[in-house]
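Asker: Read off the chains here:
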Amino acid sequence: MSELGMNLTLKIWRQKDAKAKGKMETYKVTEISEHMSFLEMLDVLNEQLINTGQEPVAFDHDCREGICGMCSLYINGEAHGPDRGVTTCQLHMRMFYNNDTIYIEPFRAKAFPVVKDLIVDRSSFDRIQHAGGFISVNTSGNTQDANSLPIPKLDADKAFDAATCIGCGACVATCKNASAMLYVSAKVSQFALLPQGKIEAKDRVLNMVEQMDKEGFGNCTNTGACEVECPKGISLENIARMNSEYLKASLVREK
Amino acid sequence: MALSGFFLLLFLLQHFVINFSSVISVEGFNKVSHFMGTNPIIQYGIQPILLIGVLFHLGMGIYLDVANRKARNVKYAMNKPGENSSWWSRNMIITGITIMLFLGLHFYDFWFPEINTKFILGDMSGLNGHGEFRYWEELHHKFVDPIRVGIYCLSFVFLALHLLHGFQSAFQSVGFNHTRYTPVIKKLGNIYAICIPLGFIFIAVYHYVSQ
Ligand code: HEM
Ligand code: SF4
Ligand code: FES
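Protein chains in written order, with the numbering used here: chain B, 1 to 255; chain D, 1 to 211.
Keep in mind the hints are simulated off the structure, nothing from the lab. All C-beta atoms, glycine included, are put in the ideal place defined by N, C-alpha and C. Some clues are possibly wrong.
As the list claims (entries may be wrong) - Derived pair list, reagent style PhoX-like, types lysine-lysine, alpha-carbon separation capped at 20 Å:
#1 Lys21/B <-> Lys75/D
#2 Lys176/B <-> Lys80/D
#3 Lys116/B <-> Lys80/D
#4 Lys21/B <-> Lys70/D
#5 Lys110/B <-> Lys21/B
As the list claims (entries may be wrong) - Which bits of chain B does chain D cover? Going by a derived footprint, with three or more residues having C-beta under 8 Å, they are:
#6 99-112
#7 227-239
Working from the sequences, and respecting the hints, build out all of it.
Answerer: Structure below.
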């Protein structure tokens with residue numbers, strides 16, 4: 001790396017809108033500091049594009065601190081790039097070398113249609129949540145304190161781990177089948193393990209899986225790629241839990 | 001998929017044990033083969049279940065693969081799946097279809113002649129022209145051609161790859177994943193996936209070299 005930083009060639013997916021036929025375009029950026037995040041590097045590119053009267057590259061981002069799940073990007077053949085346990089906003093340019101060529105593509109799945117350039121529509125995740133990713137609680141004013149129910153420590157920990165899923169969609173983007181099982185299983189598990197979640201457990205898993213299939217996600221074949229690429233380390237154990245919840249619920253369902 | 005997979009895993013184990021007896025004892029192999037080939041429960045009860053099981057597994061496998069390909073309609077320009085998963089876990093359809101092609105040859109070699117002798121010609125005796133059991137001899141004579149032996153051995157390598165993923169995958173599919181037992185299942189799966197196909201290769205090579 002030179003004193004001034006890295007010179008990089010970027011191959012970026014450009015697509016005007018949802019209907020347009022997109023293609024990969026090549027750009028150059030220079031003097032990229034290794035301390036920048038990947039999104040800051042894209043900010044540099046966009047400033048360069050704006051200053052030369054070109055359309056900046058559209059990409060998703062919000063918190064830029066790894067907690068919201070908004071940033072996406074398939075970087076050099078991996079969701080959120082080559083680092084592990086990070087989102088793209090937490091991916092640093094020190095993971096790359098001077099003169100590297102970096103491929104930047106949107107998350108690809110039929111259920112995640114491209115809106116523009118690198119931005120995809122992940123509202124299919126929201127619809128799965130709406131189908132059952134909640135518990136019904138009486139909020140009349142004398143709501144029971146959640147802590148009044150004793151919960152085994154291990155279950156509480158596992159529910160908490162599942163709840164750390166930020167809904168980024170890296171699991172879908174990575175999976176060769178574009179399956180959403182890791183995401184959905186995290187959202188099922190965070191309740192399945194807790195007493196408050198038991199009441200609606202059967203309907204929840206049946207409805208969420210039904211919505212998942214309706215959205216056009218693929219089927220899980222247990223390659224385990226999602227777990228490796230997930231920025232929050234959501235475990236495959238959740239998928240097994242959802243599979244057994246689903247099997248049990250399908251056997252006893254009445255309609 | 002998992003259910004038929006489990007069933008096939010059990011089937012493969014018994015198939016291996018019986019075939020292995022052909023290496024140990026001519027007489028023993030003949031006796032077991034005659035029993036398996038003429039027992040009504042096995043022939044009319046279990047054999048059809050096995051056939052349906054294989055066809056179901058095959059049909060579902062192909063259906064799932066087609067559906068899963070459709071779930072990503074635009075491919076990545078740059079993709080590095082090897083960074084997060086094994087080749088055999090991603091290519092079950094390739095190893096599976098290779099096994100299916102092998103089954104075609106395998107049926108041509110053993111199953112069709114057997115069905116022909118027993119149910120079309122109606123000869124249930126299991127004896128050859130000299131009044132001896134024909135099973136071991138017939139098996140032995142199938143492994144004369146080095147090309148056929150080669151195809152058998154290569155197919156078993158694909159079977160090993162299929163099982164390397166399939167064995168543990170089937171447990172996950174039915175919802176069994178446990179901190180203590182899953183590592184054991186994975187080890188057992190690796191042992192099964194390597195030893196059983198290797199054993200089949202040994203049997204094929206044994207008959208070839210002992211001609
Ligand atoms: C007839 C040829 C075959 C084809 C086309 C085939 C195809 C497939 C496919 C596409 C899958 C699902 C992909 C996945 O889970 O990753 C699969 C899974 C599996 N196969 Fe096969 N296969 C064949 C033969 C066999 C045989 C002979 C065995 C065992 C002796 C076997 C055992 C398994 C197991 C255990 C699974 C895992 C099931 C699961 O994860 O739910 N297969 N096969
Ligand atoms: S399971 Fe992991 S990869 Fe998938 S949406 Fe949740 S945080 Fe993202
Ligand atoms: S922008 Fe919020 S996680 Fe990256």
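Asker: Does each hint hold? Answer for all of them.
Answerer: Okay, the hints, checked on the actual structure:
1. The suggested pairing of Lys21/B with Lys75/D holds, with an alpha-carbon distance near 13 Å, which does not exceed 20 Å.
2. Among the hinted pairs, Lys176/B with Lys80/D is consistent with the structure: their alpha-carbon atoms are about 11 Å apart, no more than 20 Å.
3. At roughly 24 Å between alpha-carbon atoms, Lys116/B and Lys80/D are farther apart than 20 Å, so this suggested pair is violated.
4. For the suggested pair Lys21/B and Lys70/D, the alpha carbons sit about 18 Å apart, so the restraint of at most 20 Å is met.
5. Among the hinted pairs, Lys110/B with Lys21/B is consistent with the structure: their alpha-carbon atoms are about 15 Å apart, no more than 20 Å.
6. As drawn, the region 99-112 of chain B meets chain D at 6 residues by the rule of a beta-carbon pair under 8 Å; at three or more, the given contact holds.
7. Counting residues of the region 227-239 of chain B whose CB falls under 8 Å from any CB of chain D gives 5; the rule of at least 3 is met.
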